[in-house]
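Residue numbers (numbering that gives the first Met the number 0), protein chains in the order written: chain Y, 0 to 296; chain H, 0 to 296; chain W, 0 to 287; chain V, 0 to 287.
Think of the hints as simulated: they come from the structure by calculation, not from any bench.
Once the Cα atoms are required to be at most 20 angstroms apart in a straight line, the calculated DMTMM-like pairs of lysine to aspartate or glutamate come out as:
no.	chain 1	residue 1	chain 2	residue 2
1	Y	LYS76	Y	GLU120
2	H	LYS76	W	ASP239
3	Y	LYS76	Y	GLU107
4	Y	LYS76	V	ASP239
5	Y	LYS76	Y	GLU88
6	H	LYS50	H	GLU110
7	H	LYS50	H	GLU134
8	Y	LYS50	V	ASP239
9	H	LYS50	W	ASP239
10	Y	LYS50	Y	GLU110
11	Y	LYS50	Y	GLU83
12	Y	LYS50	Y	GLU107
Stretch by stretch, here's where chain W covers chain H in the computed footprint (C-beta under 8 angstroms, at least three residues):
no.	region
13	20 to 27
14	64 to 70
15	266 to 273
Derived, one-sided and incomplete: chain Y residues facing chain V with beta-carbon distance under 8 angstroms:
no.	residue
16	GLU32
17	HIS36
18	GLN53
19	GLY54
20	GLY65
21	GLY66
22	MET67
23	GLY208
24	PHE268
25	ASP270
Beta carbons are placed, not taken as given, at the ideal position from N, Cα and C, and that holds for glycine.
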Amino acid sequence: MSLRFCGIELAHPIINASGTFDAIAARRAFGDELLEHFPFAAFVSKTVTVKPRQGNPPPRLWELPGGMMNSIGLPNKGLAGYVEHDLPELARLPVPLIVNVMGFSRDEVGELVRAFAEHDEVAALELNVSCPNVETGLIMGADPRETAALLEHVRGLTSKPLIVKLTPNASDPAAVARAAESAGADAVSLINTLRGMALDPRSGEPWLGGVSGGVSGPAVRAVALAQVHAVSAAVDIAVVGMGGVGSGADARDLMLAGADLVAVGTESFRDPTAGSRVAAELSELFSEPAGDVRRDS
Amino acid sequence: MSLRFCGIELAHPIINASGTFDAIAARRAFGDELLEHFPFAAFVSKTVTVKPRQGNPPPRLWELPGGMMNSIGLPNKGLAGYVEHDLPELARLPVPLIVNVMGFSRDEVGELVRAFAEHDEVAALELNVSCPNVETGLIMGADPRETAALLEHVRGLTSKPLIVKLTPNASDPAAVARAAESAGADAVSLINTLRGMALDPRSGEPWLGGVSGGVSGPAVRAVALAQVHAVSAAVDIAVVGMGGVGSGADARDLMLAGADLVAVGTESFRDPTAGSRVAAELSELFSEPAGDVRRDS
Amino acid sequence: MSSDRVQAPFGRRAAAVVDRAEYGPYVVLAVTDEEGPEPEAGQFYMLTAAERWGGGEGERPFLPRAFSVLRAIDGELQFLFHDVGPGTRRLCELQPGEELLIVGPLGIPFAPPREGRRLLLVGGGVGIAPLAILQDQHLAETVLLGFRDAEHAEAAALLTHARVATDDGSAGHGGVVIDLLAQELHLDAHREVYACGPPAMLEAVRQLCAEYEVPAQLALESGMACGFGACFGCVVHTRDGLIRLCVDGPVLDAGRLESVIGVGATAGAGRLTRPPIGRAWMASGGQA
Amino acid sequence: MSSDRVQAPFGRRAAAVVDRAEYGPYVVLAVTDEEGPEPEAGQFYMLTAAERWGGGEGERPFLPRAFSVLRAIDGELQFLFHDVGPGTRRLCELQPGEELLIVGPLGIPFAPPREGRRLLLVGGGVGIAPLAILQDQHLAETVLLGFRDAEHAEAAALLTHARVATDDGSAGHGGVVIDLLAQELHLDAHREVYACGPPAMLEAVRQLCAEYEVPAQLALESGMACGFGACFGCVVHTRDGLIRLCVDGPVLDAGRLESVIGVGATAGAGRLTRPPIGRAWMASGGQA
Ligand SMILES: Cc1cc2nc3c(=O)[nH]c(=O)nc-3n(C[C@H](O)[C@H](O)[C@H](O)COP(=O)(O)OP(=O)(O)OC[C@H]3O[C@@H](n4cnc5c(N)ncnc54)[C@H](O)[C@@H]3O)c2cc1C
Ligand SMILES: Cc1cc2nc3c(=O)[nH]c(=O)nc-3n(C[C@H](O)[C@H](O)[C@H](O)COP(=O)(O)OP(=O)(O)OC[C@H]3O[C@@H](n4cnc5c(N)ncnc54)[C@H](O)[C@@H]3O)c2cc1C
Ligand SMILES: Cc1cc2nc3c(=O)[nH]c(=O)nc-3n(C[C@H](O)[C@H](O)[C@H](O)COP(=O)(O)O)c2cc1C
Ligand SMILES: Cc1cc2nc3c(=O)[nH]c(=O)nc-3n(C[C@H](O)[C@H](O)[C@H](O)COP(=O)(O)O)c2cc1C
Ligand code: FES
Ligand code: FES
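Produce the entire structure from the sequences given, and follow the hints as far as they go.
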């Protein structure tokens, strides 16, 4: 059996978290085996911006107890480069393609949405709203009014499903999700990384080239579960849960808390086929007698 | 040498985090040795509310990779019970006493502040603003306007130093800190616990009696460092940094990021004299040649 | 200040493992503790392995774990472990020469029997631990111990002249230890019962003792983070409301409890507010 | 799709440790890898110990670590480790019978020499690892290795007829390996240099080779989370901007670099915005 998410047919509920799997680079490393055993039910590409970006200066990685912190800084080829070089390759993947986009103003997001609206190979768009709107100074996804205004601005530009990727660094993610829903979002996804920082033990200066970074992995799992729970209870649209998923049990917890799909991020760094493994473990868990999963259901 | 914090003389910069050390219970467990080797330079008591509270139903604890989650729910004897039973005992501690208070409306906070204003044995008050104002529905410490309004309401009621304990579950803790500063706070302390959740692996229902809980310990250290850094850069008042401190190196990192004092919380559960150890390790680190601590200072 | 307990030295101290023995699936570690006072029966310690237990590299186990003292002789402490998770597993694998970090003794011990009553000890599984030191410190002729099977019952050797019951009848009485308790109380009810074991056993003890109007002291368990009253995490339900088991227990008079079942957990307290939308895949049984 | 490298099987596979040897402070592990293809010199693997490495209990080390393949013979891979932190420490303590989880071979290998040039291998410390397999796969008569002292220099036995330099003169030439390189290039510059070692050594190699107009291939390091291009974390500065070392390296032509120093770190990129208020206690030197 398969499952429908925003009208898209998926083989199972496990997809990748944006920015944690580069299918093009992975094909260089692993060859065609990648396509034969593609680990995710849909492929979410790394954030695309209007202009090309180099990303943050290195170092970009720091390891934490049970997790990691990154200050990658959204390097990408920019809209034109992505459409020319990456899109044709990604269109050949054996699964639906979701493109993650970010703009620094409502118009920029609009430009990105409009550009991808005409590409049949794009099944849905994910809007990364974890950045400031340069016009208002507010993080687009940390304030419900900002989020609603953004969605109203771009909703009319495409009939493709729009997934709003929520930031956990917000006072009330459920309110933001509600605002996104009212303004026409088809789904929300969460959590993005938690803002953190680490100092170089030798110099006492920030370790990361970007000064602060984003925490991911098992260290954020409890926070992700709480936010997915709060958001799912607040909205009727679909929810993609993520944050620290490393096993089928972690994915099941997010689904019990209300997620429809689950994304695997950091765990793919440890285990490139983590997506397939989590999907298999999840399927195993749900084929056990229901009583083992929930006391009463 | 000693140090001054909001006009209070302290022997060193390490205090306890509210709710993580009960000096009265510890005296029952450890006897007078507790007083002879009191581990903190000031004692911060657990949150006091106007009315007595039982707290949340058990279970209240969940262990995480590198940390824990609690849903204690602020059990306390209430203002009258605290003043009658606890205050006289705490006044006999060998260090200054900081009382942490929380109200569910501005008037309740006012009542608490006014009550402690007359007690000479209280050196300062810490305002726990991680709860909703029942009148506005907003978390008092998650919205700068709420925080400012609260401070304006209570600032005139006491000349004692007021420390605002910030919540990390906020879109912009630095903006909240700035609001607290403008409205007359003498210091801010952060971070309180991060909201999280865990499911019982057997039943699939929430493990904690309070459904969601607060994450603390090393798992939140990177988040604490980022927020202390952002807040210290935004205000001129004193900053008490906390979150996952387990060693002198962790305390030093928070101080390099801008903290004046550092509080030890969860680590005291693992090691009851963690406060003394952290203070000793910190002192050791700062007596090394400066070049070892910072590349250039 | 006079005290209702032997107090602990303030702080965490190292204690070297000097002996390790296995009793069926259980492990007994002996550690040296010259510095600490002699504990009383029913008291407990918070234990951490000195290596590979949280700290700098932050793995789980992270918090210390609570263990009743099994025996205390000449500056040596003994503990009994049952591997039920990462903490007990780590402790079970320790070898002589390795170290524990310990805080204790903690908590209120067993009280002497009232009105010249004779002691009657009832233990189940790893819950026999506090009864061994109790038997060392007080005359206790009647000891009733329940185990799953003969292999687990090997631990009965830790007490003297114990009568054993096993669930599967592979050693001693075939049935629950409560059967033996009923026999004893039927013969002579001028007893005070001291019990430690799984909640279902303790609840049966509580009910039977109430029936016979025999006082009972129950050593309970709950999840603990600190063991010295700092975290308010270990509360249990009593007739007087929630109390911290680490400083106001772990030994409680049976009369203070409504029931032992769910004493440290509240039925239905944490419930998922069912998310509003159907979860198609879960509902389908999750075939991929 | 034709490829510029030997590609890895997709996924993480178990590899049993079959041998462990020490060379001074370095450890060599041999693991079986029947499934994997034969790697090329300069490629690397992402390694994780199967036990006590992140996962369910989430300790650090959490991410896999990158290691050059030292040698590959008949379905067996060898790696060389230097204990510099929790990950390498864990790998160094593994014993035959335990398991690694491996992903690889990864990355672009060394290329054959240009224009009939003779290979000249220059290694420093643990950076000798990729040179051993290079010497197995290509004729390389000149091998120059630098170490801290004679004890570290024991690892020179991993290559054949290596000339050694030690910082303290306790073995071979007293001084840096660059002294030996200068001698060799002075004698014959129709060489192609293959180098791996600490950044200061590689930078000296780069400068010297530039001076002699000798092509050099440098195997670099940077912090890696994934090893297969997924995280964008391992970037290094090149003349063409930032590139991912795991998929576009780790071997780079020296000509592509401005400097090896700071290639994976940006001087002053992360600076504390000095907090505005005086920190009295820190300023005082922190006496308690
Ligand atoms: C006063 C006292 C005395 C005791 N004496 C003894 C003794 O003498 N011998 C002995 O063997 N035991 C004793 N115990 C019990 C012992 O403390 C526990 O078995 C131990 O803490 C379990 O730790 P663990 O890491 O092995 O297992 P855990 O993983 O902590 O699991 C134990 C139980 O905790 C729950 N759990 C699972 N995951 C988590 C999590 N992440 N966070 C929180 N809870 C979780 C589950 O219900 C699980 O069954 C005593 C307890 C108390 C309070
Ligand atoms: C392609 C390649 C090939 C390599 N080949 C070899 C080889 O053959 N043999 C070998 O021994 N090594 C090799 N290395 C280096 C090896 O990968 C590192 O030494 C290893 O990753 C260190 O891990 P660790 O846990 O032992 O130390 P870490 O604690 O990770 O410390 C190593 C360095 O990382 C930094 N650091 C400290 N704490 C953290 C933290 N929390 N998060 C992030 N960084 C931190 C510090 O600069 C520290 O000096 C290679 C590296 C690469 C990229
Ligand atoms: C190295 C790295 C890069 C990431 N890049 C992006 C990105 O480009 N766009 C985005 O929306 N999220 C990005 N994320 C966030 C992840 O998609 C995900 O929300 C987060 O990591 C939590 O999931 P995890 O704990 O499973 O990794 C990135 C995360 C990591 C670790
Ligand atoms: C068990 C527990 C109880 C707490 N109770 C309170 C409280 O009553 N009032 C308060 O302001 N903070 C309370 N906190 C938060 C701590 O003071 C502190 O902000 C937080 O735990 C982060 O520090 P740590 O990681 O060092 O524990 C509590 C934390 C824990 C773990
Ligand atoms: S275990 Fe912390 S208060 Fe009892
Ligand atoms: S290590 Fe992840 S992209 Fe290179």
